[in-house]
Amino acid sequence: MGNERVNETRRNFLRKSAVLAGTILASSASQPFTAMIFAANQPDKSKPWYAIGIDIEKCIGCGMCAKACKSENDVPKDPFYYRSWVEQYTIKNDGTVSVMSPNGGIDGFMQTVPEEEIFKTFFVPKMCNHCYKSPCVQVCPVGATFESPEGVVLVDKEYCIGCRYCIQACPYGCRYLNPATETADKCTLCYHRLKKGLNPACFEVCPTGARIYGDLNDKDDKIHKFLKDHNTQVLKPNLNTGSKLFYNGLSSEVR
Amino acid sequence: MPPQLKTLLPLLAVFICLFLVARHFLIPESFGKYGHYRANSLDEIAAIPIHYAGKSVCVDCHDTEAALLASDAHSGLSCEICHGPGAKHVDDPENNKLEKPGSKESCGRCHSINAARRTEVIHQIDIKTHNAERVNCIDCHNPHAVWEMKE
Chain A
1 MGNERVNETR RNFLRKSAVL AGTILASSAS QPFTAMIFAA NQPDKSKPWY AIGIDIEKCI
61 GCGMCAKACK SENDVPKDPF YYRSWVEQYT IKNDGTVSVM SPNGGIDGFM QTVPEEEIFK
121 TFFVPKMCNH CYKSPCVQVC PVGATFESPE GVVLVDKEYC IGCRYCIQAC PYGCRYLNPA
181 TETADKCTLC YHRLKKGLNP ACFEVCPTGA RIYGDLNDKD DKIHKFLKDH NTQVLKPNLN
241 TGSKLFYNGL SSEVR
Chain B
1001 MPPQLKTLLP LLAVFICLFL VARHFLIPES FGKYGHYRAN SLDEIAAIPI HYAGKSVCVD
1061 CHDTEAALLA SDAHSGLSCE ICHGPGAKHV DDPENNKLEK PGSKESCGRC HSINAARRTE
1121 VIHQIDIKTH NAERVNCIDC HNPHAVWEMK E
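One line per chain: the protein sequences are A and B, in this order. Taking this note's numbering, I'd label the letters of the first sequence as residues 1 to 255. Taking this note's numbering, I'd label the letters of the second sequence as residues 1001 to 1151.
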C-alpha cells in the first residue's frame, strides 16, 4: 500500500515538472531569453552600436589620447584617475615582463630599459571595453550604470550611490571613484561628443590612426574593414565579458 | 478565516499601500523607459560641453596653415594634437590663445627614438644628439611643412 502511494506522487511530480518545463519552453519562443547573450538589451538595429579597434602595431606611445581624455572630460589630474591610458610592455631577453605607465603615459614615454636587454616592446592603449555583457552593469544595485542603446556603457552620476561595486567588478580596471562627486566614473566614449557628431577626444588626437571606432550595425563602416583585415583579439576573452574593444597585434603577455 | 488573519490582513494591505506610495515617489520619472536606468541621464550626459573643437573648425579661420599642412607629412594630424584643446579659443579667439609647442620634448613625444615605436610608422631621432646646438625643433623645422628647413 505504501509503495503505491509513493508511485502516485512520483507520477504527479513528473507530470507537473513536464508541464512546467513545457510552459517555460513555449513562452521562451514568444520572447527569447537573451540574458546569457546580452547583459542589458539586444542592440537596436536602427541605431549605431559602437565598437572600438586599436592597432598596437601603429601605436607610438605619444600618450596624446590619455592627455586629451583628461582635458576633455575634466578627469582629476592626480596620477591615479584615468579613463584612457597607455601601457608600455617590455619583454626582456631573460623572459621577464615589465609594464610601465608613468602617469598613464600623459607625459610621454622614455625608454628606460637598455636596448640590448629588450626581446620585444610595444605600447598598449587601454580604455573602457564597452562590453555588452558588462560585469560592471550587472553588479550595480541601483541601475546607475547601464548600457546605452548605442552600446556605450555609461554612469548616471545623479543616481549612483558610490558603493564601488562596479569598480571592483571591472576586470580591466577602467573605473574609478570621482573624488569630487563621490560617484563612479569611467570612459563614456565621449558620448557628449558622439551626440554632437564629433569624434571622441582620444580618436580625434591620435596621430597615427592607431585607434578607430565604428558602428557594428553598419556593414560598410570602417570598423568592419578593421575586423576583416586584421586578426583581432579582445582582452581577457576567458571572462566572457563581451568586450567591444578589439586589438590588432595583441601579445599574449598583455593582461 | 482564523482571527489572527483577520487582524494581520489589513496590516499587510496598509504595508503594501505604503510601499507602493513610497515606490512612486522614489523612482525617478524616466526610469525604465529604455532599460533598467534613468532615460533622462542619456540627455544629461550628451549635454556636457566639449573642449576639443575638431580640425574642421580650425581650418575655417586658419586657412593658410591648413593649406600648408595639407601636402605635408603631418597632414593626417588634428591641429589640437599639438595646440591643445581649442573649444574656448573658438568661442573667444582673442582672450584664449592656444599653445605653440616646438621644443625637443614636445616633438619628442612622438619622434624620440624608442624600441617600441615602429620605424615604418614614425620617423624617429635621438633628441639628445640630433642637432644638439639648436634648442627647439622649430628652430629648423616648420611643423606645418616639416622638410622646408629654416636657415
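Be a bit skeptical, because a hint or two may be false.
As the list claims (entries may be wrong) - Pairs of lysine-lysine residues, derived as DSBU-like cross-links and limited to a Cα-Cα distance of at most 35 Å, are as follows:
no.	chain 1	residue 1	chain 2	residue 2
1	A	Lys16	A	Lys77
2	A	Lys92	B	Lys1055
3	A	Lys70	B	Lys1088
4	B	Lys1088	A	Lys157
5	A	Lys225	B	Lys1055
Note that these hints are calculated values from the structure, not bench results.
Report the numbers of all earlier hints that the structure fails to satisfy, in ascending order.
1, 2
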